[in-house]
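Novice: Based on the sequences and whatever the hints tell you, model everything.
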Amino acid sequence: MIHTYPFPADLIDEVNKAHYEASREDLVQQVTHSDVFVVVHEKMIRHHEAEFIIEGAFYTLDSANNKTMEIFRQYYPDYEPASFYAKNTWQAVGENSVGWYLSRSGTLSLEVHDHDGNTCRIYAERHEIE
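Counting with UniProt numbering, you get residues 1 to 130 for the letters of the sequence shown.
Hints are computed from structural coordinates only; laboratory data are not their basis.
Keep in mind that a hint or two might mislead.
Here are the simulated BS3-like pairs of lysine-lysine, each with C-alpha atoms no more than 30 Å apart in a straight line [claimed, not checked]: (1) LYS43 / LYS67; (2) LYS17 / LYS67; (3) LYS17 / LYS43.
Treat the numbers as computed from the prediction; the structure is a model and nothing was measured.
Specialist: This is how it looks when you write it as structure tokens:
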């Protein structure tokens with residue numbers, strides 16, 4: 001059985017802040033264009049090969065960031081959310097390290113780096129629909 005733990009308060013506070021700022025922007029913007037948030041699972045093997053899995057597309061930042069956290073829990077259950085420290089910092093977990101950050105548009109990225117140079121990232125990207 002996989003236990004789900006809440007992500008640390010710093011991460012949740014930053015994501016909530018991004019949601020709030022994005023919702024304020026949405027109130028001000030005209031409905032002349034729309035954005036979509038694409039959630040991606042990227043696996044880079046020793047900086048040579050990369051695999052990209054599109055995990056879904058969402059119309060709200062809130063949904064995309066929540067899906068990012070959900071997918072991380074699903075694929076990487078060995079990394080408890082308590083392993084994540086403050087934004088833009090990395091925490092060693094065994095031989096690996098985990099970290100997270102928010103882009104300027106408020107999208108979340110969760111990353112795992114192992115000692116062999118492999119990197120796994122789950123993140124949302126904002127794309128404008130024309």
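Novice: Report the numbers of all earlier hints that the structure fails to satisfy, in ascending order.
Specialist: none
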